[in-house]
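Chemist: Sequence:
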Amino acid sequence: MPRQSDTRVRARDEFARRLADYGYLGVSLDDIAKAVDVKKASLYHHFPGGKPSLFMEVADHYTQEASDLLQNALATPGTLRDKLLALAASYAQGTYNSALSNQIYYATRHLEDDQRAAISHAYVRGLIEPVTDLMAKAVATGELRQADPGFLATAFMELAATVHPTQDDRTASSADRLARDVVDLFLRGAGPGTP
Numbered sequence: 001m002p003r004q005s006d007t008r009v010r011a012r013d014e015f016a017r018r019l020a021d022y023g024y025l026g027v028s029l030d031d032i033a034k035a036v037d038v039k040k041a042s043l044y045h046h047f048p049g050g051k052p053s054l055f056m057e058v059a060d061h062y063t064q065e066a067s068d069l070l071q072n073a074l075a076t077p078g079t080l081r082d083k084l085l086a087l088a089a090s091y092a093q094g095t096y097n098s099a100l101s102n103q104i105y106y107a108t109r110h111l112e113d114d115q116r117a118a119i120s121h122a123y124v125r126g127l128i129e130p131v132t133d134l135m136a137k138a139v140a141t142g143e144l145r146q147a148d149p150g151f152l153a154t155a156f157m158e159l160a161a162t163v164h165p166t167q168d169d170r171t172a173s174s175a176d177r178l179a180r181d182v183v184d185l186f187l188r189g190a191g192p193g194t195p
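What the sequence shown shows, in my numbering, is residues 1 to 195, in sequence order.
Honestly, I wouldn't trust all of these hints.
Said to hold, decoys possible - Below 20 Å or equal to it, Euclidean Cα-Cα: the simulated EDC-like pairs (lysine to aspartate or glutamate) are:
id : residue 1 : residue 2
1  : Lys-51    : Asp-30
2  : Lys-40    : Glu-57
3  : Lys-83    : Asp-176
4  : Lys-137   : Asp-184
5  : Lys-83    : Asp-68
6  : Lys-51    : Asp-6
7  : Lys-51    : Asp-113
8  : Lys-34    : Glu-14
Since the hints were made in silico from the structure, they are not lab data.
Whenever a hint applies, use it, and build me the whole structure from the sequences.
Modeler: Next comes the structure, spelled out in structure tokens:
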């Protein structure tokens with residue numbers, strides 16, 4: 001018989017997988033219980049609030065994992081370019097699950113206001129503020145032009161998030177190349193005469 005913590009983790013991971021594939025309304029606790037080989041009542045034991053409670057666990061886990069990856073990238077020693085390269089490389093290597101992230105965002109409309117606020121606060125604190133702080137420092141030191149740091153952070157993260165190598169092209173060299181392309185586009189622009 002699986003340990004309780006194992007059941008909780010398996011249920012969370014299965015819910016996350018199905019959420020990314022089918023969206024919030026496409027996930028049922030019956031399907032989760034069958035997939036992890038437990039009774040539905042066991043899910044309610046682990047997640048007394050039912051589906052919203054399990055969803056909150058998925059959203060919290062995803063945000064924490066992504067925040068840890070982001071913090072590791074931002075801790076890269078060196079210049080702004082070095083930090084941005086590390087951040088873009090983490091996107092290029094497929095370390096962020098954009099399908100799950102999008103479904104978490106869309107699913108918040110089915111939650112209570114306090115749950116929605118908790119997810120939003122954790123996301124901003126863990127994934128937006130650190131990059132915004134990096135951009136604010138870069139603007140203050142003249143490494144970036146005078147612009148709103150929040151705009152710069154969002155622009156960079158959106159640009160980096162579009163980089164998804166094909167399944168056959170997930171090598172370190174292709175990830176490095178994609179990361180360099182993203183950082184060069186962000187720092188130098190795409191106009192004529194820019195290297």
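Chemist: Sort out whether Glu-14 lies within 20 Å of Lys-34, counting only the CA atoms.
Modeler: holds (10 Å)
Chemist: Mind checking the alpha carbons of Lys-51 and Asp-30 for me, to see if they're no more than 20 Å apart?
Modeler: holds (10 Å)
Chemist: Tell me if the straight-line CA distance from Lys-137 to Asp-184 falls inside 20 Å.
Modeler: At roughly 19 Å apart (the allowed maximum being 20 Å), Asp-184 and Lys-137 satisfy the hint.
Chemist: Taking 20 Å as the top limit, are the C-alpha atoms of Lys-51 and Asp-6 close enough?
Modeler: Status holds; Cα separation ~18 Å.
Chemist: Check the hint pairing Lys-83 with Asp-68 against an upper bound of 20 Å on the C-alpha distance.
Modeler: holds (15 Å)
Chemist: Quick one, are Lys-51 and Asp-113 close enough, alpha carbons at most 20 Å?
Modeler: holds (16 Å)
Chemist: Hey, Lys-83 versus Asp-176, does the alpha-carbon distance stay inside 20 Å?
Modeler: holds (13 Å)
Chemist: Check the hint pairing Lys-40 with Glu-57 against an upper bound of 20 Å on the C-alpha distance.
Modeler: Holds - the C-alpha atoms of Glu-57 and Lys-40 are around 17 Å apart, at most 20 Å.
Violation of the numbered hints given earlier is absent; every hint is satisfied by the structure.
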